[in-house]
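Sequences listed follow chains A and B, in order.
Residues in the first sequence are numbered consecutively from 597, following my numbering.
Residues in the second sequence are numbered consecutively from 597, following my numbering.
Hints should not be assumed to be uniformly reliable.
Said to hold, decoys possible - Over 10 Å on every C-beta distance to chain B, these chain A residues come out as not near it, computed from the model:
hint: 1; residue: R615
hint: 2; residue: K618
hint: 3; residue: G628
hint: 4; residue: E629
hint: 5; residue: E735
hint: 6; residue: G737
hint: 7; residue: D738
hint: 8; residue: S770
hint: 9; residue: P799
hint: 10; residue: K826
To be verified - Restricting the straight-line Cα-Cα distance to at most 25 Å, the calculated cross-link-like pairs of lysine-lysine (DSS-like) are:
hint: 11; chain 1: A; residue 1: K683; chain 2: B; residue 2: K790
hint: 12; chain 1: B; residue 1: K655; chain 2: A; residue 2: K790
hint: 13; chain 1: B; residue 1: K655; chain 2: A; residue 2: K836
hint: 14; chain 1: B; residue 1: K777; chain 2: A; residue 2: K850
What the hints assert, rightly or not - The following residues of chain B were derived to be distant from chain A, with all beta-carbon distances above 10 Å:
hint: 15; residue: K618
hint: 16; residue: E629
hint: 17; residue: F660
hint: 18; residue: A668
hint: 19; residue: G713
hint: 20; residue: D738
hint: 21; residue: G801
hint: 22; residue: Y804
hint: 23; residue: F811
hint: 24; residue: N827
Hints are computed from structural coordinates only; laboratory data are not their basis.
Don't be surprised by glycine CBs; every beta carbon is placed ideally from N, CA and C.
There are 2 protein chains.
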Amino acid sequence: MIDKKLKILISNDDSIYSRGIKCLVEIAKQFGEVTVVAPNRPQSAKGHSITLTEPLRLKKKDLFGPEVVAYACSGTPVDCVKIAMDKILDEQPDLCLSGINHGSNTSINVVYSGTMGAAMEAAIDGVPSIGFSDVNYDEEGDLSVCKKYVPIIIEQFLKFDKAKSRLINVNFPSIDVGKIKGIKICRQSIAMWKEDFQEKEDPYGGKYYWLLGQFKSDDIGEGTDVHAIKNGFISVVPVKFDLTSHEDIDYLNKEWNINEKVG
Amino acid sequence: MIDKKLKILISNDDSIYSRGIKCLVEIAKQFGEVTVVAPNRPQSAKGHSITLTEPLRLKKKDLFGPEVVAYACSGTPVDCVKIAMDKILDEQPDLCLSGINHGSNTSINVVYSGTMGAAMEAAIDGVPSIGFSDVNYDEEGDLSVCKKYVPIIIEQFLKFDKAKSRLINVNFPSIDVGKIKGIKICRQSIAMWKEDFQEKEDPYGGKYYWLLGQFKSDDIGEGTDVHAIKNGFISVVPVKFDLTSHEDIDYLNKEWNINEKVG
Numbered sequence: 597m598i599d600k601k602l603k604i605l606i607s608n609d610d611s612i613y614s615r616g617i618k619c620l621v622e623i624a625k626q627f628g629e630v631t632v633v634a635p636n637r638p639q640s641a642k643g644h645s646i647t648l649t650e651p652l653r654l655k656k657k658d659l660f661g662p663e664v665v666a667y668a669c670s671g672t673p674v675d676c677v678k679i680a681m682d683k684i685l686d687e688q689p690d691l692c693l694s695g696i697n698h699g700s701n702t703s704i705n706v707v708y709s710g711t712m713g714a715a716m717e718a719a720i721d722g723v724p725s726i727g728f729s730d731v732n733y734d735e736e737g738d739l740s741v742c743k744k745y746v747p748i749i750i751e752q753f754l755k756f757d758k759a760k761s762r763l764i765n766v767n768f769p770s771i772d773v774g775k776i777k778g779i780k781i782c783r784q785s786i787a788m789w790k791e792d793f794q795e796k797e798d799p800y801g802g803k804y805y806w807l808l809g810q811f812k813s814d815d816i817g818e819g820t821d822v823h824a825i826k827n828g829f830i831s832v833v834p835v836k837f838d839l840t841s842h843e844d845i846d847y848l849n850k851e852w853n854i855n856e857k858v859g
Numbered sequence: 597m598i599d600k601k602l603k604i605l606i607s608n609d610d611s612i613y614s615r616g617i618k619c620l621v622e623i624a625k626q627f628g629e630v631t632v633v634a635p636n637r638p639q640s641a642k643g644h645s646i647t648l649t650e651p652l653r654l655k656k657k658d659l660f661g662p663e664v665v666a667y668a669c670s671g672t673p674v675d676c677v678k679i680a681m682d683k684i685l686d687e688q689p690d691l692c693l694s695g696i697n698h699g700s701n702t703s704i705n706v707v708y709s710g711t712m713g714a715a716m717e718a719a720i721d722g723v724p725s726i727g728f729s730d731v732n733y734d735e736e737g738d739l740s741v742c743k744k745y746v747p748i749i750i751e752q753f754l755k756f757d758k759a760k761s762r763l764i765n766v767n768f769p770s771i772d773v774g775k776i777k778g779i780k781i782c783r784q785s786i787a788m789w790k791e792d793f794q795e796k797e798d799p800y801g802g803k804y805y806w807l808l809g810q811f812k813s814d815d816i817g818e819g820t821d822v823h824a825i826k827n828g829f830i831s832v833v834p835v836k837f838d839l840t841s842h843e844d845i846d847y848l849n850k851e852w853n854i855n856e857k858v859g
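The whole structure should be built from the sequences, with the hints applied where relevant.
See the structure below:
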């Protein structure tokens, strides 16, 4: 266990009332002083969205016992981290935890995920951060795997706090805790959701569309997070927010006739 | 100019009624058959957010002349691209253009940007995509730089359509067109927005908070998009949606005692 009493910020995207965040808070209490700022309603798939055209509201909540300061926020997961940093915490936290999300954030889901949005926002601010997701979408599902392995992963993450990697995306497979084969450091599987909207008609004859999609990937081999989960491992992907495709800079410099086109 | 009549999808985040998208549509018409699906209201800073808890609505619009099929959509920029792909276009487009955004999408803004969210969504689906932004936030600002250089950049991008780089983030400096020094292939500057919420009180005594922030960066040297813009260049950053920090995988594999912790 860690000596220092850590200051830990917790958020999520399933709302402050979800079972996943309650489980995460209970675990985090062992590591330090916990502050929770989380959405006041489900905010799944909000990605890195922030709220500019409306103000935010905060409401203090007694949900996690007297030692946990907790606020429900009217904004997105990223808004929650931003307002926590500016208005609630006295100093920058030592650690940010987000989740535990109900549903997978492996592969391309990381781009859409509000859970990872919150963790990434804290990481952008320089706070070591972990996003946790249980690939089981059932909000009443068994959290035994999380209960056992979240503390192990937090300990590993903190032990090497000089690591270059300050943001990790952790996904737990939906299997019995006894069947977990281990933890794998992975890369994000390259994939997409092939959209397939469901068309409906309202009573006035207007059409509306529900977003649905199918997960498509050919990149599910060893080394990917999708492969790890499928084979009974917990996946850990180090994540960055420099989206530059560095390997393409030389290529574009060479191939683009940019100089002759100017003037 | 390109021989083939291209099928081009256009979206943005400032809404279908913005001057930026009108300018982009006029330019894109020279390159092929244009379809527009864009938000019916401003959707700035929506990142890669999608809409799961409400259905989407589409409304056909005659805004860009009879040859341009255009729909206003009730969703986010990413929703617009998704519904275009599934419900409006007969086949996958050859090119997706997003913008022209009013305001900078250099540096960390790429993570929050709805403009880049739309472009990235198309790129995830395998469509070569460009996000365009004018760093001038003035919605009535001069678009002469865009008018001159957007066609040049589209031509370059299409000429090398076997390039590995299928998604670029283009920003135009806010200077007179005659003062543009050139186009620079750049990397995303590492930066953050230091949040600074404005607190207000409603007539009932309740507090609410407006998100404000200050751009902070020590990474503004040569090679960054911020440096290019500041020095009168158009910045072009190749962007990817594999967020894996690949360089950290070996490190974590070596340093984490993951095997001894299982069982």
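Taking the hints in turn, this is what the structure says about them:
| no. | hint | verdict |
| --- | --- | --- |
| 1 | R615 | 19 Å, holds |
| 2 | K618 | 22 Å, holds |
| 3 | G628 | 21 Å, holds |
| 4 | E629 | 21 Å, holds |
| 5 | E735 | 14 Å, holds |
| 6 | G737 | 19 Å, holds |
| 7 | D738 | 19 Å, holds |
| 8 | S770 | 17 Å, holds |
| 9 | P799 | 14 Å, holds |
| 10 | K826 | 17 Å, holds |
| 11 | A/K683 to B/K790 | 12 Å, holds |
| 12 | B/K655 to A/K790 | 23 Å, holds |
| 13 | B/K655 to A/K836 | 38 Å, violated |
| 14 | B/K777 to A/K850 | 18 Å, holds |
| 15 | K618 | 22 Å, holds |
| 16 | E629 | 21 Å, holds |
| 17 | F660 | 22 Å, holds |
| 18 | A668 | 14 Å, holds |
| 19 | G713 | 7 Å, violated |
| 20 | D738 | 19 Å, holds |
| 21 | G801 | 13 Å, holds |
| 22 | Y804 | 4 Å, violated |
| 23 | F811 | 12 Å, holds |
| 24 | N827 | 13 Å, holds |
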